[in-house]
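Protein chains in written order, with the working numbering: chain A, 87 to 494; chain B, 81 to 264.
Bear in mind the hints are in silico, worked out from the structure with no lab data behind them.
What you are looking at is a predicted structure, and each value in this text was computed from that prediction instead of being measured.
Beta carbons: idealized from backbone N, C-alpha and C, even for Gly.
Among the clues, some could well be false.
[Claimed, not checked] Residues on chain A that point at chain B, a partial pick, calculated with CB under 7 Å:
1. Ser115
2. His431
3. Pro432
4. His433
5. Asp434
6. Gly443
7. Gly449
8. His450
9. Gly461
[To be verified] What follows is a list of derived Cβ distance ranges for each label pair:
10. A:Asp105 to B:Ser143: 47 to 53 Å
11. B:Gly161 to A:Met217: 42 to 48 Å
12. A:Asp223 to B:Glu104: 35 to 41 Å
13. B:Pro220 to A:His129: 27 to 33 Å
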Amino acid sequence: MDIAVLRKDFPLLSRIVHDRPIVYLDSASSSLQPRPVLRAMEHYYETTHANVHRGVYTNAEESTRLYEHARVVAGRLVGAPRPEREIVFTKNTTEAINLVAHSWGRTNLRAGDVVVLSEMEHHANIVPWLMLASERDIELRYLPIDGDGRLALDDLDRTLEGAKLLSIAGMSNVLGTINPIPPLAAAAHRAGALILVDGAQSVPHQPVDVSEWDADFLAFSGHKMFGPTGIGVLWARAELLDAMPPFLGGGGMILDVRLDRFLPAEPPWRFEAGTPPIAEAVGLTAAVEYLRGLDMHNVRAYEHELTRYAMGRIEERLGDSCQVFGPPPGDDRGGVLSLALRGVHPHDVAQVLDSFGVCIRPGHHCAKPLMRRLGVPATARASLAVYNEERDVEVLIDGLEQAGRLFW
Amino acid sequence: MPDLEELYREIILDHYRSPRNRGELESPPAHRVEGFNPLCGDEVVVSLLVDGDTLSDIKIAGSGCSISQSSASLMSAAVKGRPITDVQALIATFKRMMSVHGASLGSDVTDGREHDRTAFPEGAESGGDAADGARDDEGPLDLSKLGELAALQGVVKFPVRIKCATLCWNALFQGLEELRTADA
């Protein structure tokens, strides 16, 4: 991969902020979009747009074909065996997990059942289960993390006793930890539970194969993988979707509607009520094709090296004054770097970094239980993607040094 | 382009490094209010002791960024021992400072008032016009009433940080409201 060439594909990277070139280090929150994605969506609106599944005229046929093609493209990226039946488009990862909680959860979780999560989960993979637990007597258990930010798995089998679902992050959006999904899936299945993987950070940054993982549900977001905002994906095994009742009700998800009842459509359309994000699906197709052009193995290898570089340079230039949460560089660690700069609050770190043109995110990253476990109210998070390079790391550290000078 | 020196003035850094009135008051008799910043990572606990018409004591606990903590420290120093009516007027003046400049800075900056609408409860009455804040007919903002608090003026040029600065003021406002309705 020629990063200098690749960077030219992303128009936003030429922005100047406070007289400096922008250094975008917030891809864990949302990634930037390459020209092919923007052109695809613009072209769609200029030439093809029509509502889907409803028309006979030429561009209605075309838009339907593009939308259904997006389903297959998204599914193939993650190794879905039957993407045309197993891929549901939602608004984002959060909605995909809510879909499982409401549609699968309400039907299958009874009083006394257990759902296993972890201390590192994003609120999207905690709150829907808390909401479910508030209305029926289900027990939530949390796999703990160790001092390195990895899941502590000594008691895994015992924790899974009585579990119907293990719902877990593929990669932590705070710690960068890449969780060992295949053994977790095996343990879940042994215990009689299904496994849902929150793939929001995984799918954009590493090769994912739901069959290799032996997953049952996978959720991810278009806007974190160079696609547009407003589209997310739920992959689920076909037989699970077949047995799930609808989530949202309206048009598009029915076969028939009478005054006193309705007949829901077959999956995946059963779970897509109302006009879907069509242009966004077109954008997602372009994003997936862009990623496939890079090859996810190359993406992972590049980010692996850049992460190692970044953590090494932070250590060299800042030493003890900057802590990086999560595991050391390695195979089970992605490019998410949550930092604690001694004596400087993350808001202030981010403010100073902004004056250097550097975009990072301060806060709890929608993981307040994890923050409490780490003993901090917030972290300053820098996150890497393939359009980042070593110079970005150096400017980040320049900014951190300046923040130190201002506050120490 | 607003630069950082306008945000991180010496008074602010001083109050951040040496915050005044830290701690909590025994509650009851003091009244306790918690506040959380939607720009995540700031928490404040304001303990208020009201004696007749006076805010006789105030303490600040919690943690957060330099803006939220210095604002709380500056606020506590400004209101401690003052009559409640003075405190309410100060809240209103501070609120105006956090919104009036935002509106006049043009396209770079979102309307400060928009941020402020969520900071103070709509339709709340706190003894007359005190909560109405930025009305055009109130005339120019008199920053001399604010004393050291005027150092926080720079925050309006960084609109996302307005909520950091107003966090403790919201808590104070809410606490006084709760005490007033409890008495009514």
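Consistency of the hints with the structure:
| no. | hint | verdict |
| --- | --- | --- |
| 1 | Ser115 | violated (12 Å) |
| 2 | His431 | holds (4 Å) |
| 3 | Pro432 | holds (6 Å) |
| 4 | His433 | holds (3 Å) |
| 5 | Asp434 | holds (5 Å) |
| 6 | Gly443 | violated (11 Å) |
| 7 | Gly449 | holds (4 Å) |
| 8 | His450 | holds (4 Å) |
| 9 | Gly461 | violated (11 Å) |
| 10 | A:Asp105 to B:Ser143: 47 to 53 Å | violated (33 Å) |
| 11 | B:Gly161 to A:Met217: 42 to 48 Å | holds (46 Å) |
| 12 | A:Asp223 to B:Glu104: 35 to 41 Å | holds (37 Å) |
| 13 | B:Pro220 to A:His129: 27 to 33 Å | violated (53 Å) |
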